[in-house]
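2 protein chains.
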Amino acid sequence: MDKLLSWMEHTLHQLNLVSDMNQIDGFSRLGYTKEEQKSQHQFRVIAQELGLETNQDFAGNQWAIWKVDEKAPTIALGSHLDTVYHGGGYDGVAGVLAGLATLKALKDEGFQPNKNIAIIAFACEESARFGVSTIGSQAICGILKEKHIGHLQDLDGITLSEAVENCGLKWEEINQAKIPRGDLEQFIELHIEQGKQLESTNTKIGIVSAIARPTRLKIMCKGMTNHTGTTRMEERRDALVAIAPLIHFVEKKAIEINKRQEGSIVATVSKLELNPNSMSMIPGEVIIGIDIRSTSAALKKEMTTSIYEFLEDIKRKRSVYIHVEKIVDDNPIQLDAFIQKRLHPTCSELGFSSMFLDSGAGHDVMNMAQKWPSGLIFIPCRDGISHHPNEYAEMKYLLVGTKLLINYLKELVVTK
Amino acid sequence: MDKLLSWMEHTLHQLNLVSDMNQIDGFSRLGYTKEEQKSQHQFRVIAQELGLETNQDFAGNQWAIWKVDEKAPTIALGSHLDTVYHGGGYDGVAGVLAGLATLKALKDEGFQPNKNIAIIAFACEESARFGVSTIGSQAICGILKEKHIGHLQDLDGITLSEAVENCGLKWEEINQAKIPRGDLEQFIELHIEQGKQLESTNTKIGIVSAIARPTRLKIMCKGMTNHTGTTRMEERRDALVAIAPLIHFVEKKAIEINKRQEGSIVATVSKLELNPNSMSMIPGEVIIGIDIRSTSAALKKEMTTSIYEFLEDIKRKRSVYIHVEKIVDDNPIQLDAFIQKRLHPTCSELGFSSMFLDSGAGHDVMNMAQKWPSGLIFIPCRDGISHHPNEYAEMKYLLVGTKLLINYLKELVVTK
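If you read the protein sequences in the order shown, they are chains R and V. Going by the working numbering, the residue at position 409 of the first sequence is 410; the numbering climbs one at a time, nothing skipped. Going by the working numbering, the residue at position 373 of the second sequence is 374; the numbering climbs one at a time, nothing skipped.
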């Protein structure tokens with residue numbers, strides 16, 4: 002296995018386009034950019050070296066296929082190659098790398114599968130550039146609302162449709178992305194946990210039961226802008242002072258719900274903008290964004306209801322105008338129970354400690370799961386940090402995840 | 002007086018470069034721009050029609066002088082012509098207009114002064130463009146730190162020194178700005194109140210005793226950025242949740258100080274920036290700006306000390322890093338007591354209700370007062386609103402202020 006480990010280490014650098022994973026500013030390889038394309042190119046080079054057939058679909062997703070039989074079903078593994086601004090080199094790459102390493106190991110062992118096995122490197126999984134996540138996997142699953150999002154702009158004013166076309170694709174054809182041939186029997190994604198549950202319990206593998214997709218509120222609080230120096234305290238309608246208690250309330254309410262132990266929830270005031278945002282002006286308007294996640298739709302509802310009630314209270318006390326918009330309200334996604342049940346004994350056979358857990362973050366698998374039986378495997382990442390230059394996963398855990406995939410496939414895909 | 006009123010109404014529009022004072026987006030006539038220059042041009046046209054000598058100094062301040070005797074001292078009136086972004090047409094213009102109208106009235110009456118009388122239209126009073134206020138009056142008073150501020154940029158990346166040079170001036174000569182001849186005996190500024198004290202007590206004139214210049218704190222609170230979906234509530238070091246109670250505390254403490262009635266204070270969290278400011282990220286860093294004003298240096302000190310103590314408490318409770326920088330700490334400016342004592346009976350003689358009050362906002366007079374005996378007169382403005390398209394002062398109050406100036410000058414400047 003030492004040979005596989007060093008191949009993986011080399012390939013990790015290759016997919017990240019660096020010779021050293023320590024990058025002070027992290028990795029900024031956003032979706033539908035030249036940087037993502039360079040990484041996709043490396044993916045194809047590596048896949049071809051392994052004797053796999055490579056393919057790009059209409060959404061720019063990369064496919065590497067161990068094709069054995071046109072009529073046989075396909076098992077797919079994979080994740081994505083793009084990152085957020087100043088992100089890490091493991092979120093996404095880990096799953097693509099583990100997939101490629103799994104096929105390399107099976108090939109090196111002389112294994113001859115009776116089903117096709119594909120590795121997918123999904124395009125533009127992160128929402129960092131256009132505010133929309135998992136574009137490539139949505140397109141494959143035929144759930145991309147391409148008419149509603151093509152106009153969205155990145156920080157440079159480039160629209161999503163322009164960015165896609167700059168990659169040599171056609172925006173109006175993006176929803177024609179599909180499995181290159183036949184149908185998928187199942188899809189398994191491996192990903193770093195982006196949390197601390199594995200690390201803090203010293204567990205090697207997380208088998209994910211459900212994905213807690215977000216409910217997101219955009220709250221506008223309007224008071225009255227005026228001069229900070231000339232407006233007496235009792236004459237003010239300061240929108241920031243009015244809305245500020247909500248920040249603490251959101252945290253308090255989430256902790257209170259978690260204490261009941263009926264399920265868990267996280268809730269965050271993650272965006273805040275003042276208008277004006279100027280030293281000598283009382284903020285007349287505040288716009289707040291709240292991100293709420295739980296695998297329980299009922300707990301998410303309890304949280305939003307309590308926020309609405311709290312805002313009513315603020316309106317009464319502070320004579321401000323408040324408008325709330327639910328900009329996202331995605332139901333939790335349950336992953337395939339059969340796959341979870343098969344992954345668990347495979348871990349035990351290999352001597353890997355494992356636990357069932359939920360995912361607070363969205364992943365490409367949440368789209369795939371709506372169409373095909375799908376599973377998600379987590380490996381530990383240091384301090385639970387992701388989307389940050391300090392993101393790090395030990396090679397030994399990447400190898401553990403790969404071994405799990407190897408054995409899982411061996412059970413599922415009988416040698417011909 | 003009907004004739005003077007209609008002349009003033011016409012001139013108000015002329016200085017504001019409009020035929021209708023109702024402008025939905027307000028006035029954006031920033032310092033050292035073509036727009037300010039156009040208004041300055043109108044000022045010179047009007048002054049010349051009144052038979053005054055016009056002059057521009059090295060800082061771009063405009064002077065209109067009723068010159069009677071080279072050796073006689075000069076009394077100056079004035080204010081500024083620039084505005085903030087989307088501001089009103091009274092903040093600044095009111096004082097310039099009242100000054101011009103005063104000279105017109107004295108001339109029309111055949112009054113022959115024994116001292117020179119000047120109207121000054123100061124350049125770039127507002128800090129909106131470069132973050133530095135009262136540039137023109139600072140230059141006249143020789144207190145402009147031109148070496149420290151020339152590099153400051155506006156929203157388009159134009160530096161202050163470039164903007165000044167674009168107006169045909171020389172940045173390195175700006176501190177050579179001075180009184181065109183002789184010395185100033187005193188300076189009086191008329192300005193809209195930008196507060197509600199006059200309006201709410203139905204008082205026509207405010208005689209300002211002191212100017213409460215700001216103390217400004219920049220507070221950086223650093224926790225830990227992480228993913229909103231994957232980081233459990235108890236694992237977080239959310240910088241926004243940590244610092245948020247400060248927003249309410251600043252208001253509460255100011256109200257508490259004011260209740261003691263030992264003097265008044267205003268304090269505002271007026272700037273707030275999250276980093277990152279993204280739906281799916283826990284804010285790892287928050288930068289807050291606080292603006293504190295009082296004519297009592299002791300009360301300002303009490304406020305800042307209590308903020309420091311509150312922050313120590315936050316640090317302990319939330320394990321965040323907090324850094325505070327006092328970016329501005331200007332002492333209050335006391336205006337000339339003799340001028341105030343003379344203005345008061347002049348109001349009484351004219352039958353104008355008046356009150357002594359403090360100014361929460363800075364004005365050009367705060368620089369002039371450091372060099373020459375100076376006074377500041379407030380007239381009411383509707384709802385205390387300024388720096389906003391809704392800023393409005395009734396013509397009748399502009400006339401009241403002008404009449405006060407006329408009579409004040411008649412007492413001060415004996416007819417030859």
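Simulated from the structure, these hints should not be mistaken for laboratory data. In this text, all values refer to a predicted model and were calculated from it rather than measured experimentally. A hint or two may mislead.
Chain copies aren't distinguished; within one or between two, either way the pair holds.
[Said to hold, decoys possible] Here are the simulated EDC-like pairs of lysine to aspartate or glutamate, each with C-alpha atoms no more than 20 angstroms apart in a straight line:
hint: 1; residue 1: Lys-342; residue 2: Asp-331
hint: 2; residue 1: Lys-223; residue 2: Glu-274
hint: 3; residue 1: Lys-197; residue 2: Glu-235
hint: 4; residue 1: Lys-35; residue 2: Asp-331
hint: 5; residue 1: Lys-260; residue 2: Glu-235
hint: 6; residue 1: Lys-219; residue 2: Glu-274
hint: 7; residue 1: Lys-254; residue 2: Asp-155
Hints versus structure:
1. Lys-342 with Asp-331: Answer is neither; intra-copy 26 angstroms and inter-copy 69 angstroms both fail.
2. Lys-223 with Glu-274: This pair counts as both: shortest intra-copy Cα distance 12 angstroms, inter-copy 18 angstroms.
3. Lys-197 with Glu-235: Classified as between; 11 angstroms across copies, 46 angstroms inside a copy.
4. Lys-35 with Asp-331: neither (31 angstroms within a copy, 51 angstroms between copies)
5. Lys-260 with Glu-235: For Lys-260 and Glu-235, only the inter-copy Cα distance (11 angstroms) is at most 20 angstroms; the intra-copy one is 39 angstroms.
6. Lys-219 with Glu-274: Both ways: Lys-219 and Glu-274 sit 11 angstroms apart in one copy and 17 angstroms across, limit 20 angstroms.
7. Lys-254 with Asp-155: So Lys-254 and Asp-155 fail the 20 angstroms test inside a copy (34 angstroms) and across (42 angstroms) alike.
When each numbered hint is compared with the structure, violations occur for hints 1, 4 and 7.
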